[in-house]
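> These are the residues of each chain, in order.
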Amino acid sequence: MNLFDSIVEKEKRTTYTHKNKDLLSFYVLTLVAQQQAARKLKRNLLILLMLFLVSLSLLLSPLTAVLHTMMTNLASLSLIDILEAVIIGYGLVFALFTILRGESRSGLV
Amino acid sequence: METDAQLVLRTLNEGSHYYGLLIQRHADYLYGLGMRLTGGKREFAEDISQQTFLKSYSYLKSFDSQKNFRHWLTGIAINCYRDMIKKENQYTPLENTQEATYTPALQCNRDFFSVINPLSEDEKVIFILKYIYEHQINEIADLIDMKAGTVKSKISRAMEKLK
Numbered sequence: 001m002n003l004f005d006s007i008v009e010k011e012k013r014t015t016y017t018h019k020n021k022d023l024l025s026f027y028v029l030t031l032v033a034q035q036q037a038a039r040k041l042k043r044n045l046l047i048l049l050m051l052f053l054v055s056l057s058l059l060l061s062p063l064t065a066v067l068h069t070m071m072t073n074l075a076s077l078s079l080i081d082i083l084e085a086v087i088i089g090y091g092l093v094f095a096l097f098t099i100l101r102g103e104s105r106s107g108l109v
Numbered sequence: 001m002e003t004d005a006q007l008v009l010r011t012l013n014e015g016s017h018y019y020g021l022l023i024q025r026h027a028d029y030l031y032g033l034g035m036r037l038t039g040g041k042r043e044f045a046e047d048i049s050q051q052t053f054l055k056s057y058s059y060l061k062s063f064d065s066q067k068n069f070r071h072w073l074t075g076i077a078i079n080c081y082r083d084m085i086k087k088e089n090q091y092t093p094l095e096n097t098q099e100a101t102y103t104p105a106l107q108c109n110r111d112f113f114s115v116i117n118p119l120s121e122d123e124k125v126i127f128i129l130k131y132i133y134e135h136q137i138n139e140i141a142d143l144i145d146m147k148a149g150t151v152k153s154k155i156s157r158a159m160e161k162l163k
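Protein chains in written order, with the numbering used here: chain A, 1 to 109; chain B, 1 to 163.
Just chain B, with the same shape it has in the complex (with noise of 0.2 Å):
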């Protein structure tokens, strides 16, 4: 099986069919990445994945084969995260959520959603890389473009909250 550097490769060199086989790949992680950000909903969670592997596709050239695809997925992914929140008021889907794209009775844990409901954006993106996903603190810093001071305080902070 070729890895994902290699995909990538191919993607620039012979063309998007090979991008499919990444979506393939990395579909499931992104809509769960999106599920556990967005507390459960399903369309945001849908469309994260779809803008995160847009994105990704336009900023292709830029990916550094020596690092992880899905680590630098996961970037792009909380990066279209915090533009659907900031446009949230007047954020519209991208197509018809009526349509049964995905599992209807999905399996979520809703006592989940609800601790971490209290929290602000950027903890719940903390929260959810260190403990769910279990990034060390440089990673997140890296992932999210903060330092890791900032990361660690924001941390304590919202470990204080869901005490």
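Extracted from the complex, chain A is given alone in its bound form (with noise of 0.2 Å):
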């Protein structure tokens, strides 16, 4: 054996070993924590901003003539519109759900 492979055979069995590997989880978890704290609240401020944005648009828009165009159209409603308000309404709150499940799960990990 060659001085080569004794250095390599002496790294070998070289071990290193942690003092603490309690301080290094906890810090390694608390910047985890810290991470998902900032990616939460930047979903939820994006969330406010949305509503924010849907209730200015609300308030601003010409409500009398929004809701003339509404009771005009409530007495020309059939069954078939009803339908589709429906499925559309309910597909909306679908797709919301899921795409506030998929968040909350990368909010996890």
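Hints in this document: simulated from the structure, not taken from any laboratory. Keep in mind the model is a prediction, meaning the values are calculated, not measured.
Restricting the straight-line Cα-Cα distance to at most 25 Å, the calculated cross-link-like pairs of lysine-lysine (BS3-like) are:
#  : chain 1 : residue 1 : chain 2 : residue 2
1  : B       : 124       : B       : 41
2  : B       : 61        : A       : 42
3  : A       : 10        : B       : 163
4  : B       : 161       : B       : 86
5  : A       : 21        : B       : 55
6  : A       : 10        : B       : 130
7  : B       : 41        : A       : 10
8  : B       : 55        : A       : 19
9  : B       : 67        : B       : 152
10 : B       : 147       : B       : 67
11 : B       : 55        : A       : 40
12 : B       : 124       : B       : 161
13 : B       : 61        : A       : 21
14 : B       : 41        : A       : 19
15 : B       : 130       : A       : 12
16 : B       : 130       : B       : 163
17 : B       : 152       : B       : 130
18 : B       : 67        : B       : 55
19 : B       : 124       : A       : 12
20 : B       : 55        : B       : 86
21 : B       : 152       : A       : 12
22 : A       : 10        : B       : 124
23 : A       : 42        : B       : 55
24 : B       : 67        : A       : 12
25 : B       : 41        : B       : 130
26 : B       : 124       : B       : 147
27 : B       : 61        : A       : 40
28 : B       : 147       : B       : 161
29 : B       : 161       : A       : 10
30 : B       : 161       : B       : 41
31 : B       : 163       : A       : 12
32 : A       : 12        : B       : 161
33 : B       : 147       : B       : 86
34 : B       : 41        : A       : 12
35 : B       : 41        : A       : 21
With the hints as a guide, bring both chains together as one complex.
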């Protein structure tokens, strides 16, 4: 066995030991929690912003004109229109639910 | 005792507490790998292990439970090492390195570090994986995302340099 082999063999036998694994674990988990909290906050802010924009657009729109259109359209509503509205409504709720579920999972890890 | 794959699953389903157990289990291994890759630079080795655990947590969903967790961690650690080398000039340690986190009188083989010093970063990685951790060529190729032929040629080049 030459010198090179003996150095490699010696290195193989060398063990490197962490003095404080608890501290490392605590530090990493704290950073992970921090990242998750930041992601959650960002998502909540985005939802809040969207809600704000929707409310703002509703408030700023000509409300009487909207109400008038609604009332005139309500008179001519058929069963098909109601079914369409129900399907679209449930579809939107389902899509929103799926997105939020996906987001909450990605927020966990 | 729970296997690594079981702990990964529990981390994903029940929360990060179980990841702490994985950190405890693999901290020595990653620190040792970091020490060897960086030629005994403790601050680098320390940061490599921290960054590896952080990155692996964010990619935990992509971990294939049929594979070896330590092998998967090794791949991430090597990427962290490469990233750190790129940033070495503007690099600052993540926390106060004066803090006595690790054994001050750590046993390490200075001869080994000086032997591998002339090697390039890639050659160093390949050499360590092959001769210290005894990985097969195809395993190394998989870990460092290189073709097996390239790995072989890099090994022979490294051996020529070391002669």
